[in-house]
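J.: Each chain, written out:
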Amino acid sequence: MSAHLLTLVTFIPVLGGIIIAFIPREKLDAIRWTAVAATALQLLVSFVILGSYDRMNPDIQMVEHYSWIPAFNIEYFMGIDGLSLPMVLLTPFISFLAIFSSWKIPKAQKGYFSLFLLLDTGMMGVFVSLDFFLFYIFWEVMLLPMYFLIGMWGGPKKEYAAIKFFLYTLFGSVLMLLGMLALYFSLEPHTFNMLILRDAAPEIGQKLLLGMNAAKVIFMLLFVGFAIKVPIFPFHTWLPLAHVEAPTAISVILAGILLKMGTYGFLRISWPVLPSATLWFALPMAILGLINIIYGAMAALAQKDLKKMVAYSSINHMGYVLLGMSAMTAAGMNGAVFQMFNHGTITAMLFMLVGVVYDRAHHRDIDGFGGIAAKVPIYAGVVALAWFAGLGLPGLSGFISEALCFIGAFPVFTWITIFATLGIVLNAAYFLWSYQRIFFGPLNPKYENLEEINKRELWTLVPLAVVVIFLGIYPAPMLDLMSGTLNQLVDIVKTAGMMAGF
Amino acid sequence: MDLTQLALSLKYFIPEMVLTGFIAIAIIYDLFLKPETSHRIGFMAIVGLLVTLGMLYLQQGIPATGIFANMFALDGFATFFKWVVAIGAALAIWMSLDTNELANRRVGEYHILILILVLGMFLLVSATHIISIYLALEMVSIMSYLLAGYLKENSRSNEASIKYVIYGAFSSGIMLYGLSLLYGLTGTGYISEIQTQLAAGQVSPVMLILVAVLLLAGFGYKISAVPFHFWTPDVYEGAPTPITAFLSVAPKAAGFAVLIRFFNIAFSQGDPNTPSWLALPGLDWPMIIAVLSAITMTVGNVLAIQQNNVKRLLAYSSIAHAGYMLMGVVVADQTGIAAILYYAAVYMLMNLGAFFVAIQIKNIYNTETIADYAGLGFKAPWIGMSMAVFMFALTGLPPTAGFVAKFYLFRALVQFGDGFLWLAMFGLINGVVSLFYYMRILKAMYFDKMEIPEKLTVVPVHFNVLMFILVVPLLVGWMFGDPLSTWAAEAVQFFF
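Protein chains in written order, with the working numbering: chain U, 1 to 502; chain A, 1 to 496.
Please keep in mind that the hints were generated in silico from the structure rather than gathered at the bench.
Do not take every clue at face value.
Listed next, the stretches of chain A that the computed footprint assigns to chain U, with coverage defined by at least 3 CB atoms under 8 Å from CB atoms of chain U [stated by the list, open to error]:
| hint | region |
| --- | --- |
| 1 | 393-400 |
| 2 | 409-416 |
| 3 | 420-431 |
Here are the simulated lysine-lysine pairs, DSBU-like style, with alpha carbons at most 35 Å apart [to be verified]:
| hint | chain 1 | residue 1 | chain 2 | residue 2 |
| --- | --- | --- | --- | --- |
| 4 | A | Lys449 | U | Lys308 |
| 5 | U | Lys104 | A | Lys455 |
| 6 | A | Lys379 | U | Lys104 |
| 7 | U | Lys27 | U | Lys104 |
| 8 | U | Lys446 | U | Lys308 |
Note that the Cβ used here is the ideal one computed from N, Cα and C, for glycine as well.
The shape of chain A in the complex, shown without the other chains (with noise of 0.2 Å):
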């Protein structure tokens, strides 16, 4: 644990000592620029995700590694999350350099924050420390708080952001409890090391079902399951569009990588990069998530259908896509876990694509009810094709990849056995239950109002190149041999 072993670490830190350079020139450029010019530091934000995109490309063909004293892990599992955090954070960073939302304010730091937020998520999907992974959620909860405050003057941002807090800190300290237990029970903060421990069978069971309890309340409020959603309608509402988008995918794909990372490796037993992989003997808690996926998809999808706002709808909708991957999260073998980083993916480009949609229209008409979508099919005719695709490919359905993205979660639930079909059941049901609030916007903007006006709206050109890179991925992606499911199931690699 000398201070040679840190400084050897570092060359598996590129990515994260990019990104970390350009935050601090950023911060000392955003000094020298007026509100007007302050977007130029959103540009370099992008230039920044891509310069840390290449040097995470470069990673590549490392086998896993333990950095920082095994603090924190470089291995495919994580990397696949860093990929779908920062192309998610470039593509929000996008999102926002044209919004109204953010129109005639400084919005310098609003860029570095979200830079910020992705060093966080780096870490959090690394951490294989409980120290570590306490600080790096911390990390990124702290700047999830502040970026969905951004809009001072709107009290509904300040409602949301003081929503977020309290139940963030509330729950944050739930899962500290958690982990000070797990600490004192096993003496070590390694979750590799707490796995021994745990697997030589001293502690009792009580004890453990209390600990998971206790941590699944820190995890589930970051992926947003039942019950621990409640704050997710509200922030998402409140939240400045292009950081609701962003807060529904990364964040949520960070809490998912460190849930499994904690539940796969800690609580179990045996190497999780073999098949001869077997959750924890006298702890099931693959059924306790198999019972939280199910009310957390049927919950979501139930209470989505009755919103009139569109980031609502979307805010519940979000709820009920974690309860899909927490199906993925039960399985936890090698297929399961592939099949929730594809779907992580997937659902990035699908949920972004969709916030984007109504960050274009409420930019346009100042609108985020549905009922007053009505007739956009036709007066934005590439906006309202988009959002079929986006609405089709939330609700699972071909051709889109969230077809595929749900067909390999299923794969994976089947092919467990007997023992959860009753899950994939609720699974499939859910998604019929889906279709009909997904359809409510497509009605809306093709059947309310059919009348084609004499000029079409006009969006700006670099919006339609975004709506075009969301757009291809999810329909044309899966069709040439799926390059990103073999990627996916390549990355099911695990520093341990």
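Here chain U stands alone, though its shape is the one from the complex (with noise of 0.2 Å):
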């Protein structure tokens, strides 16, 4: 049984969508509890795993390995360690939380939760596949129904929006395929098996490609891919705009989740794949993840849209996972895969808040409101958690690693760090500035029968409150399940970077 828990956990969703696609469509509430079902199921299912997972070994666990398609080596092969384990959590989480904010989702319910399962599972399959095929498979399998969630049911621009994501995303997922290939093709045999490819790591680093360096160039192939998807400045274009027009449970997969393969990406394959170019590249890195805070935070204080101030905030936070990352110290890897998980949990939180105002207003202005505190104080307190909670305020999860990501990166990259922290104080200016701008003032008067935020909203948004703030308390448990690999990590991309002269 447990031999196949990666399996249940990747393919239970699109099982549900395909039960839901013979589900007439009147019947909504069937349709949408099916989607509660196959979610809650995916959710209980990852909680074994986390039971079953031995957090002593950081090495792949529960694995399955099959051949796939053999005239290629191609192999069905997944796996988990302290890296995707976070991530293996996150999912399930973030989209069952998501489906109890699409309950009001208008017109063609069938199609909308049918795609969000087929979505849940191209997302899942990328955090546990350890063949770079399989991988790719699931990386673009997750885009059609990510284009038909925005397309369809998403904001004023959303054909726009959508195409414009998809176009990005593609060319990035072409480089990708490239370089790939170009990776499959170093070794003979030749192979997909992110393990193998790991272990000959020297070797690749040994090649010439086009006369360069094969490690290099495989490395920025891949960089294109996993940086549009981060992502990092200057291919972030797409991002406001798709978070914005995208519906919120969709904003709030995209933020929570999508972004998070992009530096998983980096962490899975080129840091431990290619770590030669991978410390040739760290400090480049670390001065795109300090643009990233800088620029992100500086374009949310900018906003006067709630939302947009809100997807340019997941810029700024993916910056201190950049920032961390590169670094290649135990502190500043921990951070990065720690800010992952959080920023997930947080950054959902903020776009189902905004939903929440939003559905009542029909307008997302920041100076649009003020004063509304009074009349929606339970409102008004939990956006105050999540606000604080995305500024960084100690004793809330996103604090425990953006302090790790700093204290990581300080004794390698001195002075970017100084200049990060300043991103802090702009993080915190625009949270607090657009609070005060809404919740405080004299009530606008439009607004005196604002309603208060209902229990099914409330029921979404407590149990990410719950994980926010024991984690900003006690962050061992999450901690110790990732440390021991990611130590490990650092270790490869050290050790292979002295073997190199770096």
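Bring the two chains, given one by one in their own frames, into a single complex with the hints.
T.: Right under this line is the structure:
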């Protein structure tokens, strides 16, 4: 039974999606509850995975390894370690809650939930695949439902947002495909197996491609693919548009899970397989992280649209991840992956809260509210918690991971880290300033009868808040899960780098 | 070369003879049918093709042989293409059975002409002598002209046929000139003997390049490669849609077959069945074809972006796909050719599928304009979903076989080494460009008018069955060990 946990956790949602396709479209509740059941079951399996995961063992666990397309040595190879486990927990958790924030989706609900569940399978597959070909299939499969989810249920500029997202990501993917093929042919016998590729890292580092160091060429090809997903400046322009136009639940998924696939890709493939190129590119990566932090915060500060502000805050927060993971220290690496998880939960809250107020006021103009704290005290309280988590208040989970990123990066990139701390100030500024404009001051008479947040919405937010507070006070359980693998990853990169003369 | 030897060859010619028999019977049977019952010939044609496929199946295991004094070859390579062509023809005839374009007219000879076209392609993919190549190519071309102009009173269809004839005659004339030069240079018509002569190194490289370019004009016209593509959009738009669908997959595949066979054997040295095979020194045709491929896919994709008629859009997209397939010809070793075979088979399914959707929509709503597709995804959910699968497959996105097909092509190019990485780059970026126009169709179907109608559009049951036959292999055909890739790899075996 335990041998197929990863297959289960990946394919349960899409099975739910297929069942939904056979439910008549009038039976709305049946459709919704099937979606709930599928994601709940997936969440349950992810807990079982957590329960049977051996945290003392930093290597791959729960392996499923079969030959798939023998003619090309393509394998069905899944497994998890301390890097993927946080993501394997995050994905079903956010998806499950996002189903509830999709409850009131207008029109064509059947298609919506089917596509949603297909998207869920695609994301989960990326986090458990250890065969590059399989990884790539899941990576791409996720694009198709996302295109429809944004394009059909999105805001006024949905078509433009959807095709821009699609074109950008596909452009990145095709370069990644080229990098993947170059890796495949760099070894004899040819393989997509990430573990074999990792162990052969020194050999790959010696090869030449187009007269240049193969590792560097492949690193740059993969870099574009992953950087567009993260997104790293200047590849970020699809993000504000897609996040703003997508329906609430899809923005939650986009920011909460999809962005993590980019940094996960770096840590899963580029870092261990191409360590020499990674060290070669560490400084530029840290600088790009700094740009993300400062630029994201400044852009967020300038926004008038609340959702756009939250979207730019994602660029800001992913900057911390980039800074932490480019430092190649244990603290930085742990901080980066922990920040990936925390950003997932925090940004999910932020987008859901924006959705709550948008459903009532039908606009998201930050200056268009004013003084509504008196009318909706519970909502104001939850927003305060989420906003503080977003700005990294001590006692909430975001603080721990951001602090770890800085601690890890400081000895390596001292000046960059000092400048990056400026980002924290800006970060606090845009959150506090927007909070003040929306909730304080004289009550805008238009919102005399503003409705309080309802039970269903609270139910989607409370679990996230609990996780954010718990990990803020007691982060050890999560850090224990991943530190073994991540410390090993740091060692791998450093040893290989030393051999290559860094 | 005596008569007994020719007679002995007949036993390797059974599928073609069966097909000829069915054609003869169909012609006679058609005389006794009234216009309203003439569609029975269509059923008969499908049966004939199925029997032919059965005979092809019985031929497996026969080692590569030359037949009819080595004018034709029976080898794995030809057989693979025969399967593709015959299946494609059966599907195209099925599509023709209920289309409004052909309603209220005699369709007996329509189906008979398709069968003759199939016979021509069977000969073309196995031809190994310049005369048999030329005759088979003309047989294919003339049937195509007739079919493109089948809607006699429709001026668009007439225009299609005339344009097709003029371009076709012109390019086959150029090719014939190339063939005659080649004959003059080598003194033989057998392509394997031509290879021996050319490899001896007596022919000047300038002449060789001239011959190669002249021949490319003829073959390039059949596969609609740029700059021999100008006929494609007009012919595809004017011809009856099932014929357009068929012309876009089968003669194109057959054109690739003869192109590969000719270049791989005549303009090379060494046995094409072994890895030691090399392109002829002094004639860098892989580079010529690489440039042709890059131009073809780019022109096809860029021109497709601005089309508003679905058939024209698919015509330009088929030009782009010829460009992708040419990438495999550039590599032209075992992996490259296997990738082309795989691509040809998958392309047959996805392109027939896309045209089939266009046929159905034309039947029901009488439109070919993309803007009029608005809301169709909701009015006809099954058609919409199938179209999504075909569009994703044509773009080359997983989880469709279209992705796997492209993946094999790029795999062959990357394996080749640094030399053609630029072409792989070209192909990949072109894939991104193509996404834009394929998605325009889906955007119209799903995004432009999100209204769920009271009543869904009703489609004939047998059309739903056909759609299912086209969609399912694209989605799951490759997921379980990918038998087609194994078959394609084994089929790269030339009679030499």
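J.: Tell me, in ascending order, the numbers of any earlier hints that this structure violates.
T.: Violated: none.
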